[in-house]
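Number of protein chains: 2
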Amino acid sequence: MEKQTVTIYDVAREAGVSMATVSRVVNGNQNVKPATRQRVNDVIDKLDYRPNAVARGLASKKSTTIGVIIPDVTNAYFASLARGIDDVASMYKYNIIMENSDENDQKEMAVLNTLLAKQVDGIIFMGNRVTDKLREEFSHSRTPIVFAGSVDDEESVPSVSIDYIESTAEAISKLIKEGNKKVAFISGSLSEPINGKYRLAGYKQALKEAGIKFDEKLIFETDYSYESGIKLASQLKDTDITAAFAGDDRLAAGVLNGLTDQGVKVPDQFALITSNDTQVAQLVRPQLTSITQPLYDIGAVSMRLLTKLMNKEEIEEPTITLPYGLDSRETTKK
Amino acid sequence: MEKQTVTIYDVAREAGVSMATVSRVVNGNQNVKPATRQRVNDVIDKLDYRPNAVARGLASKKSTTIGVIIPDVTNAYFASLARGIDDVASMYKYNIIMENSDENDQKEMAVLNTLLAKQVDGIIFMGNRVTDKLREEFSHSRTPIVFAGSVDDEESVPSVSIDYIESTAEAISKLIKEGNKKVAFISGSLSEPINGKYRLAGYKQALKEAGIKFDEKLIFETDYSYESGIKLASQLKDTDITAAFAGDDRLAAGVLNGLTDQGVKVPDQFALITSNDTQVAQLVRPQLTSITQPLYDIGAVSMRLLTKLMNKEEIEEPTITLPYGLDSRETTKK
DNA sequence: ATTTTTCATGAAAGCGTTTTCCACACTTGC
DNA sequence: GCAAGTGTGGAAAACGCTTTCATGAAAAAT
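These protein sequences, in sequence, are chains S and R.
Per UniProt numbering, the first sequence starts with residue 1, numbered consecutively.
Per UniProt numbering, the second sequence starts with residue 1, numbered consecutively.
It is possible that part of the hints are untrue.
A pair counts as met if it fits within one copy or between any two copies, since identical chains are not told apart.
[Unchecked claim] Straight-line C-alpha distance at most 20 Å; calculated SDA-like pairs for lysine to any residue:
no.	residue 1	residue 2
1	Lys308	Ile219
2	Lys133	Leu47
3	Lys208	Leu322
4	Lys62	Asn27
Don't read these hints as lab results, they were simulated from the structure.
Here the structure is a predicted model, which is why all the values come from computation and not from measurement.
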């Protein structure tokens, strides 16, 4: 008693109508007499008919699926964005094909291609770096795309994020105002615009406002892992640096725990501000003072923007900047 | 200069062969003369032809896509599994449609249906509870499915997880051996078999071995959030309970931080063991002693198992149990 | 030299929908 | 009473591919 798939044709036959009519009732087309509609629906229930989305996609040239390129689901920052994306996607009846890219250029190209092959109606890209090859691929395709949680260096692609320059500047200023003369800038690769271009610019801006000279030696370029934070803490310990800004929460947590484990008192001897405000920031003790980002909303707004793009609606402003905050917790004074 | 899609037909015409031949070279079929293959490949490159996966899916009745039902991507436990799933999925050239279910029965049914409609070749289900309706739907469909990180209550569905009874018993025994007479059992809903059936059984087993009578009042049923842990800590503080086992890391972190914030010394005055070993367990201070689970592997093995199922390979044992550990960190004595 | 195999390829029938025309049967309006 | 709508519904052509079957040519076997 294998469950053989029942097709639209079976329904049509059983209901004594044409496939076209069945298609109409399935798709909520109004040109169907209520009586007919009822009859068809009854047959659909009886036969437990479910439209084949693949056939549908082929015929309509719409897959009601969007592709999400994510560096790593395991990272709370991206996972939160993803959650926002997913929620509004399902609100608009889209499904999500998710692909981990590991921020690896080749892999990104590969997943982009499979996404395109699968005929996704749109793409949301998370990641901090966009190679020219990738950008070319984007413009080359007719599939709408938006960046979530990062800005395209050249602003040629719609994006949703906070203002990284301002927020970083504000964090650094706070650190300086609290009496720190030497504030370290800790981030992932500076080749990523978010670090090397925006955050660093904010850092320099704050320094300038305070009349402090920029010192190359205060810049620490590493990766986004907890372990790197731990390692960095040892380096930091033996310097006259008294505060740091970190571009990632896990990284910051590593620095914090590393420092604490070595007997450095935070925030008394060392102040720390992190920037993504994932739950990690509040799990550690002392709790990390953090730039707060509306993570879920960044994802949600990105997806909403994408729906507009897919709908060919007119977009006022393709580069959306959401408000951020600065939550003083326990790794800064007061 | 709109990029109009180039089809297999265009390639065929341009290369002077039939669609069948193009299809053959695209799919690596050996029945093509090298010279012809070369010619076709050249045209493919020249025209930048990319096979339409939707049309492919319709014709071949395979979507090379698998559905993943996940309670919440934002939860590190599930995200880790997902990562394992995704990696071996892409190893086998499958894509992943991911759906958040929020452990909500209705939503689960809904996403299952859209997954089926999309003709996924297989499904991986994460979640702690399976309603009869859902189970019925599973068996009703011809799509292979496997449970990742949970066991089907009735073992009617292939699954991959650790032994929850044994691991919990071991954790509880440790707590008892360290001198704790009253050990709380903190978990999510007991209606979920993983808690109410397996873990609780392990708890009782350990009690029995130690000759301690089971006390209903030591069972705390809550949800998996950090906040619930914080709340629970206040309750725990004013009892003579001196240790607890928690079924989730965020929950455990909440308990730990709540206790600590109220001046309770962990582990001296209160010992704590958690069970998922996500990164959270090591981020908090003191670090949480935890049952360790091969999270990534659970996901990876699940996906591997699914590929076998989709391939109709013979399965020796559909219920796979992976080894666990117990990592003594800082919330238990030595 | 003839028959049998094997190889390479093409023709065409699906796959399960959507969608564009058409056509028919009624209503309207005058 | 007739032309012009209007609301329903059917026929059939896509959609872009895979796959079966048939076929002719070349290679191997006799």
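Tested hints:
1. Lys308 / Ile219: Neither way: lysine 308 and isoleucine 219 sit 40 Å apart in one copy and 50 Å across, limit 20 Å.
2. Lys133 / Leu47: Answer is between; shortest inter-copy Cα gap is 18 Å, intra-copy 49 Å.
3. Lys208 / Leu322: Classified as neither; 25 Å inside a copy, 56 Å across copies.
4. Lys62 / Asn27: within (14 Å within a copy, 24 Å between copies)
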